[in-house]
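Engineer: Spelled out, the chains give:
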Amino acid sequence: MKVTIDDISIDVPPGTTILEAARMIGENVPPTMCYYSKLEGSGGKCRSCLVKVTKGSEKDPRPMPKLVASCRTNVMDGMEVKNTTSPEVLQARKSVTEFLLINHPIDCPVCDQAGECDLQDLSYEHGLSKSRYDFKKRIFDLIDIGENIQMHMTRCIMCYRCVMVADQLTPERVHGVLNRGEASEISTYIQKAIDNEFSGNMIDVCPVGALTDKTFRFKSRVWFTKPVYAHRDCKTCSGKVTLWYQGAEVLRVTGRKNKWHEVEEFICNDCRFHKKNTEDWVIESAATISRHSVISQNLNVYEKPVIHKKLQEKPKSE
Amino acid sequence: MGVQLLLEHLNKPEINTIDGYIKQGGYRTLDKVLGKMTPDEVTEEVKTAGLRGRGGAGFPTGMKWSFLDKSTDKPRYLLCNADESEPGTFKDRLLMEKIPHLLIEGMIVSSYALGCRTSYIYIRGEYMFILRILEKAIKEAYAKGFLGENIKGSGYSLDLYVHPGAGAYICGEETALIESLEGKRGNPRIKPPFPAVSGLWGCPTIVNNVESIAAVVPILNMGGSEYAKIGIGRSTGTKLISASGNINKPGVYEIELGLPVEEFIYSDEYCGGIKGGLDIKACVPGGSSVPILPKSLLFKESNGNPRLMSYESLSEGGFETGSMLGSGGFIVYDEKQCIVKNTWTFARFYHHESCGQCSPCREGTIWLDKVLYNIEHGLGKESDIDLLWDIQHGIEGNTICPLGDAAAWPVAAAIRHFRHEFEYHVKYPHRVKDDDHVYQPEMNYTTA
Ligand SMILES: Cc1cc2nc3c(=O)[nH]c(=O)nc-3n(C[C@H](O)[C@H](O)[C@H](O)COP(=O)(O)O)c2cc1C
Ligand code: SF4
Ligand code: FES
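Top to bottom, those sequences are chains D and C. In terms of the working numbering, the first sequence opens at residue 253 and continues consecutively. In terms of the working numbering, the second sequence opens at residue 4 and continues consecutively.
Hints are supplied without guarantee of correctness; some may be wrong.
[To be verified] If we take Cβ atoms under 8 Å as the criterion, some of the chain D residues that face chain C in the derived model are:
id : residue
1  : Cys298
2  : Met316
3  : Met328
4  : Leu352
5  : Ile358
6  : Cys360
7  : Gly379
8  : Lys389
9  : Ile391
10 : Thr406
Worth flagging that the hints you see were computed from the coordinates, not collected in a lab. By construction, the Cβ of each residue, glycine as well, lies at the ideal position given by its N, Cα and C atoms.
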């Protein structure tokens with residue numbers, strides 16, 4: 253099937269979403285705050301990936317009346333899509349970014365996610381420099397969900413990814429969404445601890461700093477650590493991880509993330525939280541961090557950030 | 004009164020019992036339809052009748068039925084949407100409370116048309132007493148053999164259940180309703196797939212409003228083409244309107260579609276004019292989600308023709324000068340009502356009812372609520388009006404389900420038609436702090 257996104261065409265198999273097609277093209281990829289290709293049923297919620305379909309398909313060329321979530325819309329043969337070439341899309345994305353930020357604490361200086369946070373990236377590209385929200389921000393009480401994972405509901409953007417991890421990776425789900433509307437929150441069943449072999453993956457899928465690693469808490473900024481691929485013989489998971497070093501010390505273990513900030517394989521809690529010595533691991537190589545992340549400014553082995561051509565041309569005023 | 008198809012027997016004795024209902028000719032359609040007509044013939048009648056969904060969107064019912072995926076062997080479901088939670092709408096309640104058997108009869112013949120073995124009525128939890136009325140009526144219908152195995156020897160079998168919600172407006176959205184019925188959190192699903200292909204437990208499902216299903220009964224009794232003669236143009240048949248606000252006779256009225264709005268408001272047969280002889284300021288013709296219309300646009304369309312109570316006429320002019328028939332929640336405001344306050348009230352409702360799944364609605368509705376609160380309470384700034392516009396614009400069309408639009412439209416329409424009232428609020432905050440004070444056009448505000 254042929255699809256054209258921002259005037260670039262590509263052939264994709266049926267069932268491909270607009271977003272996946274854009275990722276195959278590799279340029280002008282819509283930002284994703286909730287979609288996660290490895291989690292079934294994810295996406296559609298944050299609305300940051302909205303695009304405009306100017307031509308439905310070869311058979312039915314009518315444009316779609318509303319912007320659509322590219323992560324949940326399949327391509328049709330002959331479809332034409334506008335992402336960064338549509339002012340309407342950029343406007344909507346700006347609104348979505350503003351909505352996601354009005355109640356976010358923006359406490360990046362004390363947040364362990366800073367430097368690898370999707371919300372930071374999004375607001376850098378699409379946000380306003382000043383908040384128009386004059387009200388007290390929403391605050392949630394801290395709840396304790398166990399010894400390894402730190403939860404900060406106040407930072408959450410309700411992407412539902414961690415709930416899907418629980419549903420799809422672990423035998424028994426003990427957390428989910430409570431309440432409704434802007435009061436909804438991720439919580440556990442009567443504040444039960446989340447304790448199962450794969451719960452740590454919630455940290456990796458969280459796009460913001462709502463779920464962070466307690467064993468890494470406040471140890472370092474991520475951009476001062478050096479990521480290294482390593483593996484070990486693990487009975488529970490693939491054992492393929494990224495180790496984050498500061499000097500000779502392993503400060504953190506995470507799954508290996510690809511270009512789109514998604515883990516390649518989920519890892520178990522034992523590898524993540526309890527194997528913090530170099531002796532536990534077989535070192536492979538320096539990790540490539542190909543996202544336009546602050547981490548990549550550290551060493552020139554990393555790919556340079558991709559800045560959308562069309563966005564650069566945007567007038568500076570606003 | 005004009006033609007009465009649904010409420011004709013409202014005041015007949017014991018109409019709430021099965022015997023009282025049968026005495027008025029109830030359950031006739033069962034003999035006419037079950038085993039005598041093919042399911043497709045029933046759907047055809049409904050198509051011919053031109054019936055359009057009475058739940059808000061006005062989608063042609065027969066057409067919706069024909070989208071039901073018949074290519075699988077999965078069970079099919081008909082779900083009756085009795086979640087009626089839109090502020091201003093209370094018509095389904097009357098129908099179910101007073102003439103429960105009309106809905107049950109409608110459910111039987113509609114389920115037959117769709118080939119359902121099991122059907123559900125999903126009712127809002129606040130209507131618990133009506134749930135009991137319906138359950139009693141269903142029991143009566145089972146006792147008479149109108150429900151259950153082999154109905155009246157026709158070979159057709161149907162089980163009907165009533166299921167209460169737990170108090171959420173969003174569960175009236177059809178896919179949230181399905182999630183809720185499945186026992187999950189009432190979050191709307193992302194479409195496609197549409198329920199007609201994959202709905203309840205992944206099976207083909209049709210969701211229809213109470214009134215739409217009830218209307219199938221008179222359609223089958225009189226024939227689709229006779230029904231289509233009632234009404235005007237593509238707005239066929241009768242519609243229940245729940246009228247409220249500053250009128251002399253609030254209540255539920257069955258009107259023939261095409262009745263002039265002016266007649267509906269001022270005729271003694273219907274609303275009976277504005278209370279206290281005051282002038283009318285505005286009207287929300289189709290429930291809280293639809294745009295408010297100022298007096299100047301209420302009685303006449305933009306082309307000068309009289310505005311009628313019909314799908315087409317009420318939406319004439321798009322959102323610039325029109326509104327929508329919606330669910331028929333007709334709210335009238337006299338000259339003493341404050342539009343800003345009303346807009347804030349609606350915004351508060353949507354803030355409270357958003358499911359919180361998608362960011363524009365979750366965050367946008369709380370923001371609208373807060374900014375409107377400020378303006379209404381004399382704490383607003385001039386820039387707030389444009390901010391409101393930006394917020395609603397950021398929500399509209401960018402959400403998973405239409406609740407986002409429903410939250411945005413009333414704000415947009417209020418600013419579009421009553422911007423001066425918003426300006427008055429931010430310019431003279433000390434005046435609006437006084438609870439009774441409402442913007443009056445003839446006053447000279449320059450000497451505050
Ligand atoms: C937020 C929201 C609330 C809704 N609430 C109701 C409701 O209470 N009753 C209803 O019949 N339809 C409601 N609807 C419309 C339904 O989604 C659906 O369109 C309708 O039940 C279809 O029935 P109809 O075709 O017979 O009108 C609601 C829609 C939305 C988006
Ligand atoms: S628009 Fe509002 S109610 Fe609808 S899915 Fe999104 S958050 Fe939920
Ligand atoms: S990534 Fe598509 S809606 Fe969130």
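Engineer: Hints first: check each against the structure and report whether it holds.
Structural biologist: Here is how each hint holds up against the structure:
Checking Cys298/D against chain C by beta carbon gives a least distance of about 5 Å; that is within 8 Å, so the hint holds. Given the 8 Å rule on beta carbons, the hint for Met316/D is violated: about 11 Å separates it from the nearest Cβ of chain C. A distance limit of 8 Å between C-beta atoms decides the matter here; for Met328/D the minimum to chain C is near 12 Å, and the interface restraint is violated. The beta carbon of Leu352/D is positioned within 8 Å of a beta carbon in chain C (closest approach about 5 Å), and the interface hint is therefore held.
Using the Cβ-Cβ criterion of 8 Å, the hint placing Ile358/D at the interface with chain C is not satisfied: the shortest such distance is roughly 14 Å. The interface hint given for Cys360/D is broken, as the beta carbon of that residue sits about 19 Å from the closest beta carbon of chain C, more than 8 Å. For Gly379/D, the interface hint is violated, the least distance from its beta-carbon to any beta-carbon of chain C being 13 Å, above 8 Å. Checking Lys389/D against chain C: minimum C-beta separation of about 11 Å lies over 8 Å; hint violated.
Checking Ile391/D against chain C: minimum C-beta separation of about 13 Å lies over 8 Å; hint violated. Interface restraint check: Thr406/D against chain C, minimum CB-CB distance 14 Å, threshold 8 Å, status violated.
Consistency note: the structure conflicts with the earlier hints numbered 2, 3, 5, 6, 7, 8, 9, 10.
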